[in-house]
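K.L.:
One-letter residues, chain by chain:
Protein chains: 4
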Amino acid sequence: MTKMMKAAVFVAPGRIALDERPIPEIGPLDALMRVTTTTICGTDVHIMKGEYPVRAGLIVGHEPVGVIEKLGSAVKGYREGQRVIAGAITPSGYSNACLAGDCAQDGVGTAHGWKPIGGWKFGNTIDGCQAEYVLVPDAMANLAAVPDGLTDEQVLMCPDIMSTGFGGAESANIRIGDTVAVFAQGPIGLCATVGARLMGATTVIGVEAVPARADVAKRLGADHIVNFRECDPVAEILRLTDGRGVDAAIEALGTQATFEAALRVLRPGGTLSSLGVYSSNLTIPLDAFAAGLGDHKIVTTLCPGGKERMRRLMSVIASRRADLKPLVTHTFALDQIEAAYELFAGQRDGVLKVAIKP
Amino acid sequence: MTKMMKAAVFVAPGRIALDERPIPEIGPLDALMRVTTTTICGTDVHIMKGEYPVRAGLIVGHEPVGVIEKLGSAVKGYREGQRVIAGAITPSGYSNACLAGDCAQDGVGTAHGWKPIGGWKFGNTIDGCQAEYVLVPDAMANLAAVPDGLTDEQVLMCPDIMSTGFGGAESANIRIGDTVAVFAQGPIGLCATVGARLMGATTVIGVEAVPARADVAKRLGADHIVNFRECDPVAEILRLTDGRGVDAAIEALGTQATFEAALRVLRPGGTLSSLGVYSSNLTIPLDAFAAGLGDHKIVTTLCPGGKERMRRLMSVIASRRADLKPLVTHTFALDQIEAAYELFAGQRDGVLKVAIKP
Amino acid sequence: MTKMMKAAVFVAPGRIALDERPIPEIGPLDALMRVTTTTICGTDVHIMKGEYPVRAGLIVGHEPVGVIEKLGSAVKGYREGQRVIAGAITPSGYSNACLAGDCAQDGVGTAHGWKPIGGWKFGNTIDGCQAEYVLVPDAMANLAAVPDGLTDEQVLMCPDIMSTGFGGAESANIRIGDTVAVFAQGPIGLCATVGARLMGATTVIGVEAVPARADVAKRLGADHIVNFRECDPVAEILRLTDGRGVDAAIEALGTQATFEAALRVLRPGGTLSSLGVYSSNLTIPLDAFAAGLGDHKIVTTLCPGGKERMRRLMSVIASRRADLKPLVTHTFALDQIEAAYELFAGQRDGVLKVAIKP
Amino acid sequence: MTKMMKAAVFVAPGRIALDERPIPEIGPLDALMRVTTTTICGTDVHIMKGEYPVRAGLIVGHEPVGVIEKLGSAVKGYREGQRVIAGAITPSGYSNACLAGDCAQDGVGTAHGWKPIGGWKFGNTIDGCQAEYVLVPDAMANLAAVPDGLTDEQVLMCPDIMSTGFGGAESANIRIGDTVAVFAQGPIGLCATVGARLMGATTVIGVEAVPARADVAKRLGADHIVNFRECDPVAEILRLTDGRGVDAAIEALGTQATFEAALRVLRPGGTLSSLGVYSSNLTIPLDAFAAGLGDHKIVTTLCPGGKERMRRLMSVIASRRADLKPLVTHTFALDQIEAAYELFAGQRDGVLKVAIKP
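Residue numbers (the numbering used here), protein chains in the order written: chain A, 140 to 497; chain B, 140 to 497; chain C, 140 to 497; chain D, 140 to 497.
Looking at chain A on its own, in the form it has when it is part of the complex (with noise of 0.2 angstroms):
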């Protein structure tokens, strides 16, 4: 008889919902995770209201803390009972684009090895971690211990929210005496920021108008908050930096208005690092890109995943570098998701980040 589980699965557009799936079956390379702690992501959010299309049916969430269950019989490396995590992002390790470095555009099945997203499975192609157990793919690449001594809520961040906001970082290549500009203060955003100061910058300034979220952003290392409500930032930026600009700008919204002032404030030669998940078009205006003579860069990165990714950002933790604790902001129980979704969307309540707890 099969085992059942609760699991948060989309329905409809508009809609998820608790509902019952069997608990998954394992193959050789595959591990089963009993989740302990996950959380809810703003992607889970477009995915709800239909705006990033998954399948009927699917289990969302893409965020594991959990043990060990049971492990694929090609699987070593690992025991059952183990505590860990897995990325959001789980490369097979196998593929061109993984052999190659370009783990989150992981292309296993397709022809020629690349696929864009490719690497993010969970809550996507693959049933996701809201949910009491999870099958991780490809488990000896991503399965990550956790280190002794750490608390769930305190490793919650690493598989999506604190790997890609470093990410950002990291992709803008900061180095020690760089000034950097973070557009939002969103967990990402905060995240971004963090990781701006992690990696030497020696001025860093949030945008936010949320005063909750411009207080985390101060207590987490930016040196100065612009309110755009309150004043233009591009403007408010380039006096804070006495007409220079920044060497980096991080986008962590996904809009217009946030990547064209990102764009607007960087010094000649300076990268644009863009995390938002955008929603239309982009538009480069003419002259903030110097005609294409400005040296500028513009990258993006999607959360870095795999077991190795996960280990550094949990050193991170333990080496008490980085507190993301303050992030987590609410807890729900698995049984309560769809109001922790509702709170969750709505940004009710100063909410950040929910840890939810199968």
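A hint or two may mislead.
Taking lysine-lysine pairs in the DSBU-like style, the calculated list, with each CA pair at most 35 angstroms apart, reads [what the hints assert, rightly or not]:
id, chain 1, residue 1, chain 2, residue 2
1, B, LYS464, C, LYS357
2, C, LYS142, A, LYS215
3, C, LYS254, D, LYS254
4, C, LYS215, A, LYS209
5, B, LYS357, C, LYS254
Hints were generated in silico from the structure; no laboratory data involved.
Nothing here was measured: the structure is a model prediction, and the numbers come from that model.
Guided by the hints, dock chains B, C and D onto chain A, whose structure is given.
P.N.:
Leaving out everything else, chains B, C and D in the frame of chain A:
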């Protein structure tokens, strides 16, 4: 009594004319170069048409080959009579931008040391070289001795076209085994083709509809030519790459159509290296950009300058790794420069580049 | 009844002999390759002589070209009968080292995920390919389809010699306009010469005393040959570079003399890219090292492997950017492999590489 | 009548003495700086002892903090009376090395444009700054304005110690999550520790036996201190890293023992970043080097200079990302400089760095 020289001068939108000007007097850091050969750039045509604004009366041109006539009092390491070139971009060497390795965005005279397109001075902010003589600023940073045995025509592409085109390949980080598409095979696109191949690209696809340009592209190293008048270049490039897309696409025209197509043919994680001088806003289509999640990079490059760059480019010519003489299709005396502009601007008679002989 | 095959086996120091072995049985992630062509590497000679220790009874060889005979139960994306190669280095894809882009130092089975030379398995830690059949571990990460139209001999250098030699050029970050010296023009040095030239070096200086090798070097792209028996190679290279030294020196022999000379010919800030397998401690002379103040870099490279690397190298061959067939100077049947070792180890008869045909 | 000033002069091996010298006359590109604070470097002690040769009569010292007294006729962008520093390394900006981004190996006056250690001029090839006044060559490339609110002592480490120590971390390409060992916690090692941490290292291991230095190291960011007198530092570092080794090891002393230990603690693929000034040949042990197959990198770094570097380092201080005042343990008047040398050379009284006040 001031000695006079002939020079091509921007008079007003629509008109560049030969005129008489005083031979420049030089300061301690300058050199006076007697121009033996120069050429006309697409940018000069933009200036002529008034699309790129410069002050009326300015001597135009930024690609000088010549002989040192006189050295400033503080200039060491050169001798009068020496055959030299200077780049289109003449970095000071001492601005913050230069010292950070960002010479094209030289910001001499600005408080903050970075200025968009600040390194481009000849025929833009100071008198240019379509003249009998030209003053070279910061001579020690800019004069590069022509190796024995090379003719003026052989090194005439170094100051701008070759430096820019190669720069587009370099900014794309072409690696051995890459597949590269180059949109437009005008002089700069041709040099990008040569540069991509020199860096180890194993498939170079040139996009071009003009048969003469397509022929030169093949001769200089393109493996395939895609005629965008006869097919959808995006579909054709995807076909040529078995659906994989290219590792890098170099835009060498400056239009929305080529920019967009360049983005559409990229594999996930690929680089769009933009060389074109745009004249209007650009649109990034949401789908081609994978909503910001494709790990795409868009980079722009202004022609690298300075004597070390010129030395390296001339070593490419001297070692016969590339032969760019086929780009020089016509020769005019300086006296005939108005006719040269007419031919070049009209792209008549299969012209690629013209040699101007003062 | 177990089916048997012929294989070259390390018996004891001084002796590699043809023997009979069972055809390997494969696990779920493996593939069985029927070897159609393989070759002998300098490292195999070290193994034969007992200078590099492997266990007695091991099948040697790490450069397989062949056909897929059988696929493991979990292997997808291939079909039996397909023509393939695998690299000398067979990364798992899922170790921490691999996921960090450091595939050659694959540490499968180690707690910490990095192991020196851990990616080299064939003929080192598992049975190799100088045999009728070879088991390829982690097949999905390692099998690369041979493009139509390429012969075994054309791709025979890809698994090791070409990957290593090109790797030496890549690790040296060769750029357009560089001057490069390559010490020793054996098979790997020749490939380093080809790689340096493919990346845009405008002066490639090969150091070699054997006339036949010098000839091949010139044919494959060396601009100058320095015969170290007829002159001091350091003085000669400095003379050839007008006293400037080289941007990069590639060591492809594995001796103190070549290592030291490579350091002495570097310009300040230059890179010594070391490919040799050394057999004793090395000395860095104080003067050549500028007392540690010369911004020198010394980098070592183990042959990059994995199917994406193989795909790229085969694209170099398929695009005719390089032709390495001149390296294959002799052909033997597998039955004659002892004679092949004798010829190759003795460097007799102008041998560069031998093709072995099972 | 020539105006005179006091200056510390190298007399003969074993002796640096206070003497009277004419105040320098400046050329068009120079500036005269009135020195308000300077310091003594370990290299000055080498000079004093005759271990690093300079000409008798040279004014020593290369770490100037002061005020612009006079500007050369061609110097623009500064004003007399401005508070400035200059780096220990004073690049011209216009040499081939500088224009290639290799400023420390500035080769002004050499035909080929690169010269080992050529950027280090103060107290080496021209008069230095342990004096009331110092001539700063190529002033526009080298004078960096001190931000308002910073004291001389706060920026005193920027010209050399901080630039060198941070340079060691930068050359090691420290990334978020790295584990780094720093051998020796003298002034430069301490700055390497700070730099590694600023770049995101999550475990920094300082190797030091002097308790006072170990204490400062911990205060400035070392996570662990390994006392090499109490244990085998290699074994201890491998223990601290669970056998994995470090991603980067920074050598900051200049001895065979530290160089070798730094190599031995590297993980495969790791980087040894060497800052020490060696006084004899170095040995690379075969086993530690994995016979040349470990993908190891050994990189050396000479103190980066130039005004942009100084601007960046001062921004680190101004933003309070690092506080290096604890390194200034003693203060002397210029008149007492002989006593200062005695204290500093003898490493008496817990000295790290001395402030010298002309």
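K.L.:
If you draw a straight line from the CA of B:LYS464 to the CA of C:LYS357, is it 35 angstroms or shorter?
P.N.:
26 angstroms, holds
K.L.:
Mind checking the alpha carbons of C:LYS142 and A:LYS215 for me, to see if they're no more than 35 angstroms apart?
P.N.:
Given that 35 angstroms is the threshold and the Cα spacing comes to 29 angstroms, the pair holds.
K.L.:
B:LYS357 and C:LYS254: Cα distance at most 35 angstroms?
P.N.:
The hint is violated at about 47 angstroms.
K.L.:
What's the verdict on C:LYS215 and A:LYS209, does the C-alpha distance respect the 35 angstroms limit or exceed it?
P.N.:
23 angstroms, holds
K.L.:
Can the restraint linking C:LYS254 and D:LYS254 be considered satisfied, given a maximum Cα separation of 35 angstroms?
P.N.:
Status violated; Cα separation ~39 angstroms.
Hints 3 and 5, counting from the list given before, are not met by this structure.
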